[in-house]
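Peer 1: Below, each chain spelled out in residue letters.
2 protein chains.
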Amino acid sequence: MNKTVLGISLGLALLGQPAPAGEREAIEAYVSQHQGRIFSELVQLLSIPNVAADRPNIRRNAAHLRGMLERRGLVAEILETAGNPLVYGEKKIAGAARTILFYIHYDGQPVDPPRWKQSSPFVPVLRSARLEEGGKEMPIDSSLSRFQPEWRIYARSASDDKSPIVALCAALDALKSGGREPSSNIRVVLDGEEEAGSPSLTGAIERYRERFQADVMLILDGPMHPSGRPTLNFGARGSAVLELTVYGPKFPLHSGHYGNWVPNPAMRLAQLLASMKDDAGRVVVPGFYDGIPKLKPEEIRIQEGVPDDLEELKRFFGIAQPDAVGKNLQEALQYPSLNIRGLRSAYVGDDARTIIPSDATAAIDIRLVKETPSEQIIEKVVAHIRKQGYHIVESEPDDQIRLKHSKIMRISRRKPTEAYRTEMNLPISQAITKALERTWGTEPVRIRTSGGTIPISQFIRVLGFPAISVPMVNFDNNQHSENENLRLGHLWKGIVTMASLLTMETK
Amino acid sequence: MNKTVLGISLGLALLGQPAPAGEREAIEAYVSQHQGRIFSELVQLLSIPNVAADRPNIRRNAAHLRGMLERRGLVAEILETAGNPLVYGEKKIAGAARTILFYIHYDGQPVDPPRWKQSSPFVPVLRSARLEEGGKEMPIDSSLSRFQPEWRIYARSASDDKSPIVALCAALDALKSGGREPSSNIRVVLDGEEEAGSPSLTGAIERYRERFQADVMLILDGPMHPSGRPTLNFGARGSAVLELTVYGPKFPLHSGHYGNWVPNPAMRLAQLLASMKDDAGRVVVPGFYDGIPKLKPEEIRIQEGVPDDLEELKRFFGIAQPDAVGKNLQEALQYPSLNIRGLRSAYVGDDARTIIPSDATAAIDIRLVKETPSEQIIEKVVAHIRKQGYHIVESEPDDQIRLKHSKIMRISRRKPTEAYRTEMNLPISQAITKALERTWGTEPVRIRTSGGTIPISQFIRVLGFPAISVPMVNFDNNQHSENENLRLGHLWKGIVTMASLLTMETK
Numbered sequence: 000m001n002k003t004v005l006g007i008s009l010g011l012a013l014l015g016q017p018a019p020a021g022e023r024e025a026i027e028a029y030v031s032q033h034q035g036r037i038f039s040e041l042v043q044l045l046s047i048p049n050v051a052a053d054r055p056n057i058r059r060n061a062a063h064l065r066g067m068l069e070r071r072g073l074v075a076e077i078l079e080t081a082g083n084p085l086v087y088g089e090k091k092i093a094g095a096a097r098t099i100l101f102y103i104h105y106d107g108q109p110v111d112p113p114r115w116k117q118s119s120p121f122v123p124v125l126r127s128a129r130l131e132e133g134g135k136e137m138p139i140d141s142s143l144s145r146f147q148p149e150w151r152i153y154a155r156s157a158s159d160d161k162s163p164i165v166a167l168c169a170a171l172d173a174l175k176s177g178g179r180e181p182s183s184n185i186r187v188v189l190d191g192e193e194e195a196g197s198p199s200l201t202g203a204i205e206r207y208r209e210r211f212q213a214d215v216m217l218i219l220d221g222p223m224h225p226s227g228r229p230t231l232n233f234g235a236r237g238s239a240v241l242e243l244t245v246y247g248p249k250f251p252l253h254s255g256h257y258g259n260w261v262p263n264p265a266m267r268l269a270q271l272l273a274s275m276k277d278d279a280g281r282v283v284v285p286g287f288y289d290g291i292p293k294l295k296p297e298e299i300r301i302q303e304g305v306p307d308d309l310e311e312l313k314r315f316f317g318i319a320q321p322d323a324v325g326k327n328l329q330e331a332l333q334y335p336s337l338n339i340r341g342l343r344s345a346y347v348g349d350d351a352r353t354i355i356p357s358d359a360t361a362a363i364d365i366r367l368v369k370e371t372p373s374e375q376i377i378e379k380v381v382a383h384i385r386k387q388g389y390h391i392v393e394s395e396p397d398d399q400i401r402l403k404h405s406k407i408m409r410i411s412r413r414k415p416t417e418a419y420r421t422e423m424n425l426p427i428s429q430a431i432t433k434a435l436e437r438t439w440g441t442e443p444v445r446i447r448t449s450g451g452t453i454p455i456s457q458f459i460r461v462l463g464f465p466a467i468s469v470p471m472v473n474f475d476n477n478q479h480s481e482n483e484n485l486r487l488g489h490l491w492k493g494i495v496t497m498a499s500l501l502t503m504e505t506k
Numbered sequence: 000m001n002k003t004v005l006g007i008s009l010g011l012a013l014l015g016q017p018a019p020a021g022e023r024e025a026i027e028a029y030v031s032q033h034q035g036r037i038f039s040e041l042v043q044l045l046s047i048p049n050v051a052a053d054r055p056n057i058r059r060n061a062a063h064l065r066g067m068l069e070r071r072g073l074v075a076e077i078l079e080t081a082g083n084p085l086v087y088g089e090k091k092i093a094g095a096a097r098t099i100l101f102y103i104h105y106d107g108q109p110v111d112p113p114r115w116k117q118s119s120p121f122v123p124v125l126r127s128a129r130l131e132e133g134g135k136e137m138p139i140d141s142s143l144s145r146f147q148p149e150w151r152i153y154a155r156s157a158s159d160d161k162s163p164i165v166a167l168c169a170a171l172d173a174l175k176s177g178g179r180e181p182s183s184n185i186r187v188v189l190d191g192e193e194e195a196g197s198p199s200l201t202g203a204i205e206r207y208r209e210r211f212q213a214d215v216m217l218i219l220d221g222p223m224h225p226s227g228r229p230t231l232n233f234g235a236r237g238s239a240v241l242e243l244t245v246y247g248p249k250f251p252l253h254s255g256h257y258g259n260w261v262p263n264p265a266m267r268l269a270q271l272l273a274s275m276k277d278d279a280g281r282v283v284v285p286g287f288y289d290g291i292p293k294l295k296p297e298e299i300r301i302q303e304g305v306p307d308d309l310e311e312l313k314r315f316f317g318i319a320q321p322d323a324v325g326k327n328l329q330e331a332l333q334y335p336s337l338n339i340r341g342l343r344s345a346y347v348g349d350d351a352r353t354i355i356p357s358d359a360t361a362a363i364d365i366r367l368v369k370e371t372p373s374e375q376i377i378e379k380v381v382a383h384i385r386k387q388g389y390h391i392v393e394s395e396p397d398d399q400i401r402l403k404h405s406k407i408m409r410i411s412r413r414k415p416t417e418a419y420r421t422e423m424n425l426p427i428s429q430a431i432t433k434a435l436e437r438t439w440g441t442e443p444v445r446i447r448t449s450g451g452t453i454p455i456s457q458f459i460r461v462l463g464f465p466a467i468s469v470p471m472v473n474f475d476n477n478q479h480s481e482n483e484n485l486r487l488g489h490l491w492k493g494i495v496t497m498a499s500l501l502t503m504e505t506k
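For the protein sequence lines, the chains are A and B, in the order given. Going by numbering that gives the first Met the number 0, the first sequence opens with residue 0, and the numbers climb by one from there. Going by numbering that gives the first Met the number 0, the second sequence opens with residue 0, and the numbers climb by one from there.
If we strip away everything but chain A, and leave its shape as in the complex, we get (with noise of 0.2 Å):
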């Protein structure tokens, strides 16, 4: 064992127990010695371009990946949707009584190439650190085949979400190395447009139904928590966007000629929402946190162990004392939440003008969680507003409503993606949790329900299977953003965490 590898399997020691003889070590060891190769089908897959929108690279990125997984003995085929292809890829195991389905994208956020620094967010660059850490940029050669866990590769989708395609392959490189099979029946979807809302994965789950039973779909995408440790989130919030606009006077009015008699709609507003919450962040209008369960003493002892540093939190943030929806940030997010996300009226600043503006408009996004699907609580809010004394329209009001209603409001909404939850106490959710334990020898972090929003309800609705989220890369990699990055102990490490699921206990 050289030095690299020793290093490694310091590191991950440190994190709990040591793990049970061989199986990981063997990962490892396999993991240490193709280096290099891993790193170049990685290196190949991040300099095709793939924004979602870019039609031509999308399919340069779908041939390129349904080539990566027959290459690892899957049956793989391009799915043809309203939109960008899904890729799909399904491997059959002898005997294998559980199937599960893969679910990543290969598509990655748009990009803003002046940004970042370095010539092309498609032309991966390798950094000694963290750029913002001093991380030097070194030469990306065939003959690299020892790598830091410290250094970074830079390039769109580096972390989000083309790593945990090389990862899951890789693995399956490495029990094939060693003489194993996967326990379960893989089946793997690779979504092209899931940074553009996945518009097109609706009908396509219809349409390719059959190929995407399964008996658990593992998410893989998003971050680590930050702490670093095994990650494994069972829910996430749905989301539901409202825009409320209030209707003032036909055209903006001078306001001292006016002001004292014109009714203000910004004033209007701020009344309206000011009525929906308390002054510590709680929702008041009747029954928005109806139906939430009380957690059962194990729920809370699994999300009392979420090592979420919550000191550091509000430093990094500069915020004095959160909102009071729950004790700590993980009991906060198992509620919906109703957050005013942008604020418009005329004008402030230098182009502000001493009128009484014609309209006021907040956005809204409400996160949701199981209990509360978004046509639920949206009619919870429609039923508060209309109590505030509005008259609700769809378009812009027309002189008669005008005259008719003293307080008129404007309600467009967008369509919602659900929430969904897992229970941890599912077997497979428990054969999952232990594969990661008897891995590093650690119990993982387990997210009840992770804030952000992942749009794979529908799976759900449709298909009926569990879904767990397994994430893999660092927390801090900039994803969504420009100089988006990949720490390579990640990549190794969420080599191992695939192996570990591929060959989890089948009971």
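Be careful, since some hints might not be right.
[Claimed, not checked] No more than 30 Å apart at the CA atoms, straight line, and that leaves these computed lysine-lysine pairs for BS3-like:
#1 B:Lys-313 - A:Lys-386
#2 B:Lys-90 - B:Lys-433
#3 A:Lys-326 - B:Lys-386
#4 A:Lys-135 - A:Lys-116
#5 A:Lys-386 - A:Lys-295
#6 A:Lys-433 - A:Lys-293
#7 B:Lys-313 - A:Lys-403
#8 B:Lys-369 - B:Lys-386
#9 B:Lys-249 - B:Lys-386
#10 B:Lys-90 - A:Lys-249
#11 B:Lys-326 - A:Lys-403
#12 A:Lys-386 - B:Lys-326
#13 A:Lys-326 - B:Lys-403
#14 B:Lys-403 - A:Lys-313
Just so you know, the hints here were simulated from the structure itself, not pulled from any lab data.
Since chain A is already given, all that's left is putting chain B on it; use the hints.
Peer 2: Just chain B, lined up with the frame of chain A:
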């Protein structure tokens, strides 16, 4: 008497009792005979661009105006200031016991030429009626000598505020032509940067204070009451602007990951704003309305005599129910107001992102009345904000402040303009009221406090004279906007009103 003059006379007679024999008819006859020359003088003046920032053209205006005053026998000069020059003229009348200082401004609002329905805002256009009512363009040539009262001249400053200068000059001509002298000494000050906030006026008042001594200041600016009746404004509200910024996290945060835990500054701002007014638009900041006196019966009579057509205004503005600060518009304007003139936090519409914004800003304007000087009322508003738990800063909060205070607000101010009000029962107020009543045979509309702001409170503070505004232009003049215009019938009547004031009784 020709038909046109008869037409005008009949029109005026309809307003109330016929005027006493002779005086008004003499001026009207003069105007009728010299319409062509008066119109030409106005066209010439409007052809000199007069945006305050256009220094060379402002100088051309000043020289031209000085010449206009000199031709009326005034001793005229150009008074240099820190900014644009004032044009000053003086005419001493043997034996006159009273001095009137006329304040008019010769600069105009900035222009956006492509939005005008003519080649340039400084190439005047004559139309047969209001543009919006099908007014047709008519050639302007020197052969024009008779003008219908409905005709309009379109140009920047046609009504705001060059036509009052031409009307005052024409009234002096008319008196001279009839062998009459003004009954008061005349002083005229023409401001060259009123539309830019008169930044140099305070210094100029100190510097030239001897020239500005007078018994009364007559402000010739603004539109007549929409009813078209002769109008006197005895006061104007002042104006103080504030900008309120509430701070949230140091940078925008993902609303999924942190919504329910990191406080939202837009919600905080909404709650603060909502705490300032009740549902009927009344300010509930403690002490906001303190010191406003009850009106005396005579003041109530005059106020209730203002012929506002409130039902028509509601229809025009598209509002069902006015705020409840006063029983009606005029009463509402006797109180200070608090108006949100703009709101801004992150993004709405297509640009909206699911974030917790890092800050939220409200631009506020407070209209002042004589009993509520800016400093006192701002102090009350700030005290109210403190009472809601805010720590107030004057610049971006640093990390230490952020971690110490859960509610942080930055308050920015600009230089306020104070209100003024002249008592309607002062001898000079009564003399002016009587002069208009005598000329037009009807009681003028007397506005105790007009809602807008006129930057002359500094004159009053330094020089101590009463100020009364005598507007003469049409209400629908598109002041401050594109297609500014003057209805010629209002110009002809304005000349008569000026002659009436120049010759009013001196006791």
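Peer 1: Does each hint hold? Answer for all of them.
Peer 2: Evaluation of the provided hints:
no. : hint                  : result
1   : B:Lys-313 - A:Lys-386 : 25 Å, holds
2   : B:Lys-90 - B:Lys-433  : 24 Å, holds
3   : A:Lys-326 - B:Lys-386 : 26 Å, holds
4   : A:Lys-135 - A:Lys-116 : 12 Å, holds
5   : A:Lys-386 - A:Lys-295 : 36 Å, violated
6   : A:Lys-433 - A:Lys-293 : 25 Å, holds
7   : B:Lys-313 - A:Lys-403 : 11 Å, holds
8   : B:Lys-369 - B:Lys-386 : 26 Å, holds
9   : B:Lys-249 - B:Lys-386 : 24 Å, holds
10  : B:Lys-90 - A:Lys-249  : 48 Å, violated
11  : B:Lys-326 - A:Lys-403 : 20 Å, holds
12  : A:Lys-386 - B:Lys-326 : 26 Å, holds
13  : A:Lys-326 - B:Lys-403 : 20 Å, holds
14  : B:Lys-403 - A:Lys-313 : 11 Å, holds
Consistency with the previously given hints fails for numbers 5, 10, ordered from lowest to highest.
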